[in-house]
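K.L.:
Chain residues, written in single-letter form:
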Amino acid sequence: SQQGEEDPQALSIQEGENATMNCSYKTSINNLQWYRQNSGRGLVHLILIRSNEREKHSGRLRVTLDTSKKSSSLLITASRAADTASYFCATAADSWGKLQFGAGTQVVVTP
Amino acid sequence: DAGVIQSPRHEVTEMGQEVTLRCKPISGHNSLFWYRQTMMRGLELLIYFNNNVPIDDSGMPEDRFSAKMPNASFSTLKIQPSEPRDSAVYFCASSFDTYNEQFFGPGTRLTVL
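Chains V and D are the protein sequences, given in the same order. Sequence positions in the first sequence follow my numbering and run 1 to 111. Sequence positions in the second sequence follow my numbering and run 1001 to 1113.
Any given hint could be a false lead.
Stated by the list, open to error - Interface residues of chain D toward chain V, partial, derived using beta-carbon atoms under 7 Å: (1) Glu1014; (2) Met1039; (3) Phe1091; (4) Phe1104; (5) Gly1105; (6) Pro1106.
To be verified - Covered, in the sense of this in silico footprint (three residues per stretch, anywhere, with C-beta under 8 Å from a C-beta of chain V), are these stretches of chain D: (7) 1040–1046; (8) 1050–1056.
Said to hold, decoys possible - Among the chain D residues that face chain V by a calculated CB cut under 8 Å, a handful are: (9) Ser1031; (10) Ser1095; (11) Phe1096; (12) Tyr1099; (13) Asn1100; (14) Glu1101; (15) Gln1102; (16) Gly1107.
Note that these hints are calculated values from the structure, not bench results. Ideal Cβ positions, reconstructed from N, Cα and C, are used throughout, including at glycine.
Using the sequences provided together with the hints, build the complete structure.
P.N.:
Here it is as structure tokens:
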């Protein structure tokens, strides 16, 4: 079963706009991670936020974590066509760092 | 570093044949994960190793699937016999210690006819 559930399933925006996607999960976590997958490629790690952190930035990416609501959001600012990809959240809950991935949000950025 | 290396990149085989997928993790990483991705089921964790020891294989779908990690730089995922429903993209990922980011290989696209 999937721990993380992303919302929306798909998102279409124009270049320059911001893209926001959300992730909800069910159990307590050690950390939450966001990954990007371009069509036909492997997943690329974007950002990791630990359970005691509330917000993290990396370039044009901003991630928030609300453990009381068991939810996280990923914001991509000033989107570019190259940001077109699927974005997955993954939660690490067990003692071995096993990740459980959500179904992903498919983002399309049009020029 | 070359990243996680997987081979082959594409595999087409007939039902009933044995399939072996290979993975070389990033040097120094001590955790290795095998995933399967399909449109219907998304990304599923099949098995993961820590220090070459299998920790959790509860995601392995059936006894037809087996995985080994004979040393820190090599792992295999074997399907015997293969079935059409095994068609998927299989990813290998590695990480340095637990709770850290995982680095994914490019995947092996398996088609079983």
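K.L.:
Next, verify each hint and record whether it holds.
P.N.:
Hint by hint, here is what the structure shows:
Violation of the interface hint for glutamate 1014(D) is found here, the shortest Cβ-Cβ separation to chain V being roughly 24 Å, above the 7 Å cut-off. Because the closest C-beta pair between methionine 1039(D) and chain V is about 10 Å apart, greater than 7 Å, the hint is violated. The beta carbon of phenylalanine 1091(D) comes within 6 Å of a beta carbon in chain V, closer than 7 Å, and the hint placing it at the interface holds. Annotation: interface hint on phenylalanine 1104(D) holds; nearest CB of chain V at approximately 4 Å, less than 7 Å.
For glycine 1105(D), the interface hint holds, since its Cβ comes within 7 Å of a Cβ in chain V; the closest pair sits about 6 Å apart. With its C-beta approaching chain V no nearer than about 5 Å, proline 1106(D) sits inside the 7 Å limit, and its interface hint holds. A stretch counts as covered by a chain when three or more of its residues have a beta carbon under 8 Å from one of that chain; for the region 1040–1046 of chain D and chain V the count is 3, and the coverage holds. For the region 1050–1056 of chain D, the proposed coverage by chain V is satisfied: 3 residues have a C-beta within less than 8 Å of a C-beta in that chain, meeting the threshold of three.
Hint on serine 1031(D) holds. Least Cβ distance to chain V is approximately 6 Å, under the 8 Å limit. Of the supplied interface hints, the one on serine 1095(D) holds, with its beta-carbon coming within about 7 Å of a beta-carbon of chain V, less than 8 Å. Hint status for phenylalanine 1096(D) relative to chain V: violated, with the closest Cβ pair at about 10 Å, above 8 Å. Here the hint on tyrosine 1099(D) is kept, as its CB sits about 4 Å from the closest CB of chain V, short of 8 Å.
A hinted interface residue such as asparagine 1100(D) counts as satisfied when its beta carbon comes closer than 8 Å to some beta carbon of chain V; here the least separation is about 7 Å, so the hint holds. Interface restraint check for glutamate 1101(D): the shortest CB-CB distance to chain V comes to about 4 Å, inside 8 Å, so the restraint holds. Given hint, glutamine 1102(D) at the interface with chain V, holds; its Cβ is 6 Å from that chain's nearest Cβ, closer than 8 Å. Against a cut-off of 8 Å between C-beta atoms, the interface hint on glycine 1107(D) holds, since the closest Cβ of chain V lies about 5 Å away.
Hint compliance for this structure: hints 1, 2, 11 are not met, and every other hint is.
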